[in-house]
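Trainee: Chains as they are written, first to last, in this note's numbering: chain A, 1442 to 1568; chain B, 195 to 655.
Rather than coming from a laboratory, the hints here were simulated on the basis of the structure. Computed from a prediction, not measured in an experiment: that's the story for all the values here. One or more of the hints may lead you astray.
Taking lysine to aspartate or glutamate and the EDC-like style, the derived pairs with C-alpha atoms no more than 20 Å apart in a straight line are [to be verified]:
hint : chain 1 : residue 1 : chain 2 : residue 2
1    : A       : K1489     : A       : D1548
2    : A       : K1486     : B       : E627
3    : B       : K596      : A       : D1548
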Amino acid sequence: MAVQQGLLYTKDHEWAKVEGDTATVGITDYAQEQLGEIVFVELPKVGKEFGVHKELAVVESSKAASDVYCPVAGKVAEVNSQLEAKPELINGDCYGSGWICKLKITDKKSLADLMDAKKYEEYLKTL
Amino acid sequence: MQGSASAGEFVFEPPATEPGPSVLYDEHVRLTSKSHIAAFAGYLMPLWYSSIAEEHRAVRERAGLFDCTHMGVLEVSGADAAEFLNIVTTNEVPSLKVGRARYGYVLDAAGNVLDDIIIDRRRENNFMVVVNAANEPKIKFYLHELMEGRATVDAEQDGGVGYAHRFPQGRARDPMHDTSRLEAPTNGGHSPPYGLRVAVWDMRDPNRARDRRVDIALQGPASMDTLARLTDDAAVVERISQLKSFAFLEEQLAGIDCLICRTGYTGSTVAFELFADPKQTPRLWDLVLEAGKPLGVVPCGLGARDSLRIEAGLPLYGHELDGKFNISPFGAGYGWAVKLDKEFFIGKAAMQHVAQTYDMEVSRIEMPATRGVRPIRPDDAILDKRGTCVGWVLSAAKVDEKQYALAYVDRDAAQEGMKVGAYYLARSQSQVEQGRAQAADKGQKLTADLAGTVVSRFAKF
Chain A
1442 MAVQQGLLYT
1452 KDHEWAKVEG
1462 DTATVGITDY
1472 AQEQLGEIVF
1482 VELPKVGKEF
1492 GVHKELAVVE
1502 SSKAASDVYC
1512 PVAGKVAEVN
1522 SQLEAKPELI
1532 NGDCYGSGWI
1542 CKLKITDKKS
1552 LADLMDAKKY
1562 EEYLKTL
Chain B
195 MQGSASAGEF
205 VFEPPATEPG
215 PSVLYDEHVR
225 LTSKSHIAAF
235 AGYLMPLWYS
245 SIAEEHRAVR
255 ERAGLFDCTH
265 MGVLEVSGAD
275 AAEFLNIVTT
285 NEVPSLKVGR
295 ARYGYVLDAA
305 GNVLDDIIID
315 RRRENNFMVV
325 VNAANEPKIK
335 FYLHELMEGR
345 ATVDAEQDGG
355 VGYAHRFPQG
365 RARDPMHDTS
375 RLEAPTNGGH
385 SPPYGLRVAV
395 WDMRDPNRAR
405 DRRVDIALQG
415 PASMDTLARL
425 TDDAAVVERI
435 SQLKSFAFLE
445 EQLAGIDCLI
455 CRTGYTGSTV
465 AFELFADPKQ
475 TPRLWDLVLE
485 AGKPLGVVPC
495 GLGARDSLRI
505 EAGLPLYGHE
515 LDGKFNISPF
525 GAGYGWAVKL
535 DKEFFIGKAA
545 MQHVAQTYDM
555 EVSRIEMPAT
565 RGVRPIRPDD
575 AILDKRGTCV
585 GWVLSAAKVD
595 EKQYALAYVD
605 RDAAQEGMKV
615 GAYYLARSQS
625 QVEQGRAQAA
635 DKGQKLTADL
645 AGTVVSRFAK
655 F
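One chain only, chain A, in its complex shape (with noise of 0.2 Å):
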C-alpha cells in the first residue's frame, strides 16, 4: 500500500498536503483499496466551511458509499471537478490527479492531530 512522504495522513485514511494555508485533500491509497472501483464522488460546495471530521465528500464505489472526512478545519477553496467525469482518477492516482477538493485552513492547529507518513504507515500495519 503506498503512502506518500511529505502529506499529513488520518485514521480514516485522508491525505492533506499543506502548502501556506491551503490544503489540498484525498484519499489515501489504502482506501481507495479498500473501496475498489470507485464510480461516484460527491464533491464540497466551493466556499463551504468545513470543521475537523466533518462530512466533506462521498466516494462511492460498486459496493459501498463512504464518508470522506475533513482532516483540516477550512473553506473550500476548489475542487477536483474532473471527478465527476471520471471517478476513477481516484483508484488509478489517489495523491495526484485524484485529489478531491483544496481547503484554505482556517485553524492551523488542528493539523497537529494528523499523522506524517512514518506514524500512518505504523498506523497501516497495526489494521
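Assemble chain B onto chain A, guided by the hints.
Mentor: This is chain B only, laid out in the frame that chain A set:
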C-alpha cells in the same frame, strides 16, 4: 440457541463464532491481497481478486470460478427421506428423479422463509441438500428440532393430528450429534409408530468417514470446455455436455470424485457446481484454474457473485427473501416452487393465504450508469411515473454502463416495460441539510433523480 413453537414461528439465535478460513483460504491468499478478504457467514472469503467489473465480465464472456465451500451441504437419507423432505420443503420431492436437482424453500409453520435450498436426489433414499452458508446453523438446528418433535409442524393441528404425528419425540435420529456410522434408524418394537426413518448428516464435517463434499462453482460459457480439459475420458466429456439444467452426474475429474451439477447463481446457461471432498478441493480449484487459463477463466469473489446474481434477477436470502420485508417465495417471484397442491408441507396454510393476498413483489429495474451517474443503493425509493413512492431497492449492482436494481414494489406498479424513477436517500449529513430525505414511505411524493425501466424478472446469459 432457542427453538420456539409459539404461533409456529421458529426462532434461532446463531452462536457467536469467530470467522474461520474457508477450505480454499490458502489459494485466496496466493491469488489476491489479504485486504480483499473479508468475513462472510463465518468464513474469511475473497471479495474480489482483480476487480468486481473484470470478474463479472469474465463470467459473461468466458467463465469464472467461485469458492462456495462455505455453503452448507447436508445429506438426508433413510427409507422415509423423500417423505421427510416433502413435508419440510415447499417443492415436490417424491417425483424428483435420481440425478436431478430441484429448488425449493424451508419454511416454519408460520410461513416464514428459513432458507432457499437445492435438493439433489442421488439415490432413491439419499438426497444432498445445499443450504445458504448464513443459514446453515439454523437449518441444521431446525431439522434436528423437527426430528426430536420440538418444532411446530402444523400450526393449526399440532399435538398428534395432522402431520405432527410424523415427528414424535425421540423417534428420528439426532442429525448432528451422532457421529456413529450412517444407518437409517429402524422401526424397532419399542418405538412408537409413525416415526419417520430418516437421518441428516453434515457432508462437510471433516470427521465424516466418507463422501465428504464442499461446493465450488464454475460459471460461464467456457465452463464446459474447461471441465472437458480435466478428463481424458471422451465418454465423461460427452455425458457432461449432455447434462441438462438442474441435472447432475457423479464422475471423476482429474482423478477426483466430483458431483457435477448444472446449477449456479449467476444466470449463466452454461454453469456447473462441483461438489468434492474438502481435502481434494484445493487441488481441484487449482486444476480448474490451470485448465481454464487458456480459455480466460478467472477466480471470482463475492462482489462479482453479487453483481452477477442481481443482473440475473436471482434472490439473496435476507434481501429478496425474508429480510426486513419478510418477503415470501411468491413476492420473490418463485410461487412455482411452492406446491400448494401438495397434501401437506410445513407452512402450507400460511402460503395459501399469501398466494391470495400478496400485493408487492420483487422487480428487476434497469437504469443508466454512465459516467457521473450515482449508484442506486438498498432502501432508495422507487417511484411511479407520477412520483409516488411504490417501493424500495433491495439490492443493486453496476454492470458496465447500466445498473440493475432488485426492488420490492407494488405489483401493479412494476409490470415489465413500465417506466419508473429512483430517488436517492441521503447518504451524508450535508445531503440531509440540503433537504434530501433519509427514508421514504410508500405513497410519499418525491422527485425522481434517475429514470429507469422495469425489465424481465429474470435474465439468462
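Trainee: Okay, which hints does this one fail, numbers in order?
Mentor: 3
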